[in-house]
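Participant: Sequence:
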Amino acid sequence: MILFKLNFHKNYSDAGIDDKLISEFLTFSVSAFPPSSNFFRVNDNSIAIILAEKLLRDVLPTVKGICDQVGVKKVWLDGMVEDFNINCGLVQFPEMGDKSGELLEKVTKAMSKAVETGPNTSALYESLQL
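Once you know that position 128 of the sequence shown is 124 in the working numbering, the rest is easy, because the numbers rise by one and skip nothing.
Since the hints were made in silico from the structure, they are not lab data.
A few of these clues could be false.
Said to hold, decoys possible - Once the Cα atoms are required to be at most 27 Å apart in a straight line, the calculated DSS-like pairs of lysine-lysine come out as:
1. Lys109 x Lys50
2. Lys95 x Lys16
3. Lys60 x Lys109
4. Lys60 x Lys16
5. Lys105 x Lys1
6. Lys109 x Lys69
7. Lys1 x Lys70
8. Lys69 x Lys1
9. Lys70 x Lys60
10. Lys95 x Lys69
11. Lys16 x Lys1
12. Lys16 x Lys69
13. Lys50 x Lys70
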């Protein structure tokens, strides 16, 4: 499971700008994932992706590539959005959890770790148990 968090500043007030940005981001990134991927909108600025039968080590270069491309692309929504960046958390299903709530909790922790690292970064969930 992958959780993308979209971070941005609006140039002006537009009630539907979140929806438009999510749509543009998906158009920008969806081709990087296999057709069997399932995309879910978690909230106004987050998208979860479930990749069937994919190992994180195989997906991580794709996710890092998307993060890098977002860092290079400066114009989003024809300039209506400034300072757009993403953060991404990843967890392996079912090894890191087999219930949706458990996976969302862990992927959110991983994404928070990416936020601490800086813009356009990703992080894998790591158990803190010794």
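Participant: May I ask which of the numbered hints given earlier this structure violates, with the numbers listed in increasing order?
Facilitator: 2, 10, 13
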